[in-house]
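Please model the entire structure based on the sequences and the hints provided.
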Amino acid sequence: MSKKVLDLLKEKFGAAIVETHAQFGDDTAVIAPESWRAAALFLRDDNRLAMNMFTDLCGVDFHRQRAEGQPRFEVVCHLRSLQHAHRIRIKSRVGDEEGEVVEIDSLVPVWRGADWFERETFDLMGITFKGHPDLRRILMYPEFKGHPLRKDYPANKTQPLIPYREGTQDKLFPFREDEGMSFGRQTFDHRNDRGES
Amino acid sequence: MGNVSSGRGGSSVHVIESGDVGFATTRVDALLNWAKKYSLFQYPYVTACCAMEFMAMASPRFDMARFGAEAPRFSPRQADLLWVVGTISQRQAPALKRIYEQMADPKWVLAFGTCASCGGFYDNYTTLAGIDKVIPCDVYVPGCPPRPEAVIDGLLLLQDKIARGDRTPGIVKPRTDPLVPDGSALIQIGKKPELDGGGEA
Chain V
1 MSKKVLDLLK EKFGAAIVET HAQFGDDTAV IAPESWRAAA LFLRDDNRLA MNMFTDLCGV
61 DFHRQRAEGQ PRFEVVCHLR SLQHAHRIRI KSRVGDEEGE VVEIDSLVPV WRGADWFERE
121 TFDLMGITFK GHPDLRRILM YPEFKGHPLR KDYPANKTQP LIPYREGTQD KLFPFREDEG
181 MSFGRQTFDH RNDRGES
Chain U
1001 MGNVSSGRGG SSVHVIESGD VGFATTRVDA LLNWAKKYSL FQYPYVTACC AMEFMAMASP
1061 RFDMARFGAE APRFSPRQAD LLWVVGTISQ RQAPALKRIY EQMADPKWVL AFGTCASCGG
1121 FYDNYTTLAG IDKVIPCDVY VPGCPPRPEA VIDGLLLLQD KIARGDRTPG IVKPRTDPLV
1181 PDGSALIQIG KKPELDGGGE A
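So the sequence lines, in the order shown, correspond to chains V and U.
For the first sequence, the numbering used here begins at 1 and goes up steadily by one.
For the second sequence, the numbering used here begins at 1001 and goes up steadily by one.
Just so you know, the hints here were simulated from the structure itself, not pulled from any lab data.
For each residue, glycine too, the CB sits at the ideal point set by N, CA and C.
If a hint is listed, it holds; no wrong ones were tucked in.
Every beta carbon over 12 Å from chain U, so not counted as near; a handful from chain V, in silico: (1) Lys4; (2) Lys12; (3) Ile17; (4) Glu19; (5) Thr20; (6) His21; (7) Glu68; (8) Gly69; (9) Leu82; (10) Val94; (11) Pro109; (12) Arg119; (13) Arg136.
Dumping the calculated BS3-like pairs for lysine-lysine here, alpha-carbon to alpha-carbon at most 30 Å: (14) Lys1097/U / Lys157/V; (15) Lys145/V / Lys1097/U; (16) Lys1173/U / Lys1161/U; (17) Lys91/V / Lys10/V; (18) Lys1107/U / Lys1036/U; (19) Lys91/V / Lys151/V.
Partner residues aside, some chain U positions facing chain V, computed with beta carbon under 7 Å: (20) Ala1093; (21) Tyr1125; (22) Lys1133.
This is how it looks when you write it as structure tokens:
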């Protein structure tokens, strides 16, 4: 049934559909960023598709996992049609390895519900959505530097708004040094040093 | 004369009945501390899931009123005891500090649950790793969330500290010490039921 959605997309956009797959009822299309909003409009407005429910939008960081020159980030969006009861996942790959310029068209003009999702993705991943009406941080405070869910954000870096009390950098009495969750500390660098392929 | 309360005689304790006149001697600071410890007006700074356990603890079933601590005050100016119940994020830390500074002396702070005590498993970019990073804390009650018994134990610990004039931080011990595998280091919150037969230690 739902294979039709991917066929319609491919028929309409051709080479702008980078890749697709359908498995266990999950239809996924990877769309070139230039066609991101056009594809969204097509998915919403075509009567055979009628994706009128915006479900989710988020970002994925593939830092140092992509081949040279490939985009580092992936924007993932889930859509559903209430009339036809089918759904699709669309993705787009954006950004360079430094993560300085990561831009994609905003979907807020297509679905109003994308507003806060894009703000969250901007806040935590640093993906800029062009055409968003009010793109600012939504979870972190405005003083926060960087984007905490990027893989190159240090795992134990905090940015306190007020200075800590004196002598509280370490564990305070009655807590001991061995208490806490030191085993939870995994950094990207550590994983990379093991020389995994 | 009033009745001697102890049937064994030789006690100096008298129960004063109506119409009797009596007196007691004490030190002024001891009297003040006694008054303070039984009139803790609390400011609940409740942010997370521990609130559910806090509500249970504040309910008639566990009856905090027994300890003179039943009156919540939603203005820090009127409160003596700041309950920090739940996770404090970095973004919230200035507000918490401001609340603490608005409270009038004497004031105490109780960290309710693991997150307030040390950040718990929120060991990340957004969470304050324990409220003692920004405000001094008197009693830590670990648990995720703590049982009401543990919280009441923390309250009693705080009262004990107030009576002694002791401001060093105290921690409510878990029922069993996880460092001791056989559980022999049992710390009694409530009295553990005596097992007859006496299994090998």
